[in-house]
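Counting from 1, position 183 in the sequence shown corresponds to residue 183 in UniProt numbering; the numbering is continuous, with no gaps.
Note that these hints are calculated values from the structure, not bench results. Careful: at least some of the hints might be erroneous.
[To be verified] List time: in silico SDA-like cross-link candidates among lysine to any residue, alpha-carbon distance up to 25 Å:
hint : residue 1 : residue 2
1    : LYS164    : LEU58
2    : LYS211    : LEU201
3    : LYS211    : LYS164
4    : LYS211    : LEU309
5    : LYS295    : LEU331
6    : LYS209    : ASP40
7    : LYS211    : ASN179
8    : LYS317    : VAL199
9    : LYS317    : SER278
10   : LYS160    : LYS170
11   : LYS150    : VAL43
12   : LYS207    : ILE319
13   : LYS320    : GLN204
14   : LYS320    : GLU299
15   : LYS164    : ASP69
16   : LYS150    : TRP72
17   : LYS150    : GLU71
18   : LYS150    : ASN179
19   : LYS325    : MET63
20   : LYS170    : TRP182
21   : LYS295    : VAL43
[Stated by the list, open to error] Using C-beta positions, here's what the derived DEER-type ranges look like:
hint : residue 1 : residue 2 : range
22   : ALA300    : CYS194    : 16 to 24 Å
23   : SER218    : ALA300    : 18 to 26 Å
24   : VAL199    : ALA37     : 22 to 30 Å
25   : TRP72     : GLU215    : 55 to 63 Å
26   : ALA173    : LEU39     : 17 to 25 Å
27   : LEU39     : PRO312    : 40 to 48 Å
28   : ARG104    : PRO285    : 55 to 63 Å
29   : SER203    : THR38     : 47 to 55 Å
30   : LYS160    : MET297    : 33 to 41 Å
31   : SER278    : TRP72     : 50 to 58 Å
No residue lacks a Cβ here, since even glycine has one placed at the ideal position from N, Cα and C.
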Amino acid sequence: MLLELLAVDKPCAEVFIDSWKEMVATTASRDKSCLFATLDDYVDYRIIDTGAPFVSKLMCFGMGIQLTDEEWKLAAPITRPCFAALGLVNDYFSFDVEWDEYQREGKNDQNTAMTNLVWLYMQWEDLSIPEAKERTRETVRHYEAEYYEKVNAFSLDREKCSMKLEIYLKAQAYQISGNVAWSLRCPRYHPELCAKGQVMLHSQAKKNKQKRQREDHSAKTPDPNERPDSDLAGSSDSETSQQSPAGTPRSSVSSSSSVYSVVDSAGLPEFESSISLSDKALLAPFEYISSLPSKGMREALIDALNVWLILPDSIIKTIKQVSQKLHSSSLM
1 MLLELLAVDK
11 PCAEVFIDSW
21 KEMVATTASR
31 DKSCLFATLD
41 DYVDYRIIDT
51 GAPFVSKLMC
61 FGMGIQLTDE
71 EWKLAAPITR
81 PCFAALGLVN
91 DYFSFDVEWD
101 EYQREGKNDQ
111 NTAMTNLVWL
121 YMQWEDLSIP
131 EAKERTRETV
141 RHYEAEYYEK
151 VNAFSLDREK
161 CSMKLEIYLK
171 AQAYQISGNV
181 AWSLRCPRYH
191 PELCAKGQVM
201 LHSQAKKNKQ
211 KRQREDHSAK
221 TPDPNERPDS
231 DLAGSSDSET
241 SQQSPAGTPR
251 SSVSSSSSVY
261 SVVDSAGLPE
271 FESSISLSDK
281 ALLAPFEYIS
291 SLPSKGMREA
301 LIDALNVWLI
311 LPDSIIKTIK
321 QVSQKLHSSS
331 LM
């Protein structure tokens, strides 16, 4: 995947890869038995551990935004509360699953700490789970408000805030709401939704199949009020022979016929004027575009989305085919 990113946009991809290395190194080096002493200590670690800077670099890659080193330095203190909110939202929604795993694996002791703010509030302030969750919600809201305030203030300084830096900062805000929307529906935090989703998909597929069957049956059943084509042709399109000014007969053509016959005055044999042309020239651009090598990024994205949607292989295959045709059409 990294090689594909480098092939698409090397400068943006290099920034993205450096951030990924930092995330892996930070997570791997931490002592899992260490309990964070303060909220700031935990947030500094969690920002890197959740991959928030890594995801922001990936967002820049997708948007084609390349910030300078100076712009990254300017953005760092502004985006910190945004990254904090992203990580702590994850803590809030993932706590129930992580707490079950923590207890099931026998880690509920003094030797192992949970990497989750809800659990830390339980330790720091001796709170129950509902109380610790509410404290986490309050903390997330605090960081969100701080981020919006910093962005609005910085945007007023036109000397420092370039257009692309402003776009980057405002795009970060959508990650907060997007992260919440994803967390509300993702299978890891809500496994019960997978079963409901499957039932809904099967029900909708059944309805679609019944609808197609009704439409096919309706198309094959003749309308008793509709007159046959032969009657219409006989009553309104009968062939007549007309005389030209020179007295030579002129052939007439039935409007119900799709093939026109031409007969000259000397009685030469008939020729059909509707010649069947090859579609080779028409399809050549599409076939050429389709034959070009693909990096497979669209297919990979569809497969990634299907981790949550869990659609049948036949539907996924159709979606990929449609995606490929739309892509080829856009290139043409």
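Satisfaction of hint between VAL43 and LYS295, Cα-Cα up to 25 Å | Judged against 25 Å, a Cα distance of about 37 Å means the pair is violated.
Proposed proximity, ILE319 with LYS207 (alpha carbon, max 25 Å) | 19 Å, holds
Take the C-alpha atoms of LYS170 and TRP182, compute the straight-line distance between them, and say whether it is at most 25 Å.
-> 19 Å, holds
Given the hinted pair LYS150 and GLU71, is their alpha-carbon gap at most 25 Å?
-> Holds - the C-alpha atoms of GLU71 and LYS150 are around 15 Å apart, at most 25 Å.
Given the proposed pairing of LYS325 with MET63, does the C-alpha separation stay at or below 25 Å?
-> 23 Å, holds
Holds or violated: LYS211 with LEU201, Cα cutoff 25 Å?
-> Cα-Cα ~15 Å, so holds.
Is it true that the C-beta distance of ALA173 to LEU39 lies inside 17 to 25 Å, as the hint says?
-> Given range 17 to 25 Å: holds, Cβ gap about 22 Å.
Proposed proximity, ASN179 with LYS211 (alpha carbon, max 25 Å) | Between LYS211 and ASN179 the Cα gap is close to 37 Å, so the pair fails against 25 Å, i.e. violated.
Falls inside 18 to 26 Å, the C-beta gap from SER218 to ALA300?
-> Violated, since SER218 and ALA300 (Cβ atoms, about 41 Å apart) do not stay within the stated range.
Within 25 Å, alpha carbon to alpha carbon, are LYS320 and GLU299?
-> 6 Å, holds
Holds or violated: 16 to 24 Å for the Cβ distance of ALA300 and CYS194?
-> At roughly 22 Å between Cβ atoms, CYS194 and ALA300 fall inside 16 to 24 Å, so the hint holds.
Regarding the pair LYS211 and LYS164, is the alpha-carbon distance no greater than 25 Å?
-> 49 Å, violated
Of the hints listed earlier, those the structure fails to meet are numbers 3, 6, 7, 9, 21, 23 and 24, in rising order.
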